[in-house]
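Visitor: Sequence:
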Amino acid sequence: MLQQTQVATVVPYFENFLARFPSRESLAGAHEQEVLAVWQGLGYYRRAKSLCLASKQAAPSTAEGLTQLPGIGRYTSRAIASMAFGERVACVDGNVRRVICRFFGRNMTDRECESRSLDLMANSKPGEWNQAVMELGATVCLPKSPRCVSCPLKKGCIATSEGSQGSLPRSRATHAVILQRHLCVCPIAAGEVGIRRIPEGEWWASMWEFPRVRLGADENMEDALLRLGYPNATSIGTHAHVVTKH
Numbered sequence: 015m016l017q018q019t020q021v022a023t024v025v026p027y028f029e030n031f032l033a034r035f036p037s038r039e040s041l042a043g044a045h046e047q048e049v050l051a052v053w054q055g056l057g058y059y060r061r062a063k064s065l066c067l068a069s070k071q072a073a074p075s076t077a078e079g080l081t082q083l084p085g086i087g088r089y090t091s092r093a094i095a096s097m098a099f100g101e102r103v104a105c106v107d108g109n110v111r112r113v114i115c116r117f118f119g120r121n122m123t124d125r126e127c128e129s130r131s132l133d134l135m136a137n138s139k140p141g142e143w144n145q146a147v148m149e150l151g152a153t154v155c156l157p158k159s160p161r162c163v164s165c166p167l168k169k170g171c172i173a174t175s176e177g178s179q180g181s182l183p184r185s186r187a188t189h190a191v192i193l194q195r196h197l198c199v200c201p202i203a204a205g206e207v208g209i210r211r212i213p214e215g216e217w218w219a220s221m222w223e224f225p226r227v228r229l230g231a232d233e234n235m236e237d238a239l240l241r242l243g244y245p246n247a248t249s250i251g252t253h254a255h256v257v258t259k260h
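Residue numbers (this note's numbering): 15 to 260.
Keep in mind the hints are simulated off the structure, nothing from the lab. Where hints are given, some of them may not hold.
[As the list claims (entries may be wrong)] Pairwise CB distance ranges (calculated):
1) 186 / 145: 17 to 27 Å
2) 231 / 161: 44 to 54 Å
3) 87 / 245: 37 to 47 Å
4) 213 / 42: 20 to 30 Å
5) 23 / 132: 23 to 33 Å
6) 180 / 136: 25 to 35 Å
7) 250 / 172: 48 to 58 Å
8) 39 / 250: 42 to 52 Å
9) 176 / 210: 20 to 30 Å
10) 231 / 208: 25 to 35 Å
[Said to hold, decoys possible] Dumping the calculated DSS-like pairs for lysine-lysine here, alpha-carbon to alpha-carbon at most 27 Å:
11) 169 / 139
12) 168 / 139
13) 158 / 169
14) 158 / 168
A virtual CB, placed ideally from N, CA and C, is assigned to each residue, including glycine.
Model the full structure from these sequences, guided by the hints.
Guide: Written as structure tokens, this is what we have:
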């Protein structure tokens, strides 16, 4: 749940989720639609679907093994392995990368940050160390206006001594924006509203929505309505929606 979502937002969803699915077995036995309903409002529903699939397997206790589960990549596997099983591995997210790059005064890749963080970890408990560095980046070593005066690492921080906090770490390359136009229809008949289940292979697969079709490059709304089978539909407006993860 913490992937792409802040702790304060996650807490009530987490508590509600555990109340409904208190064990791996209860989650493994639930229907995907039931899990998605409990997850509703948290967003990034692929996480819930991956969690359903992963719950049907025994959880490995190593970072390497955890990456074999659906929806778990390098960062998440190392976070789980260190916090739940005490494996001595460093996990790097945006907050950790910022702390490490600034402390050593140079831009580094995630792998380099992992190595440096592991060196600094020394004999500390891996899970506590990783959580501490993540929290430091989230609350003190901020992207803008870092609170260096109250930072416990300020004496050894090269970026602080050089005044280069604002330039570290360097921003990653951004993805080009892809513009798409979709037509969405809300069919109403006899007091009922028509919806459809999104097929596999499309964004938000297995979720429910009003009938929707992607418009061609030169296709107008009238032609698209004919294609959908609603030639006499009334337009109620347009809406811009930005998708960053899907």
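Visitor: Against the structure, test the hints numbered earlier, and report the numbers of the ones violated in rising order.
Guide: 9
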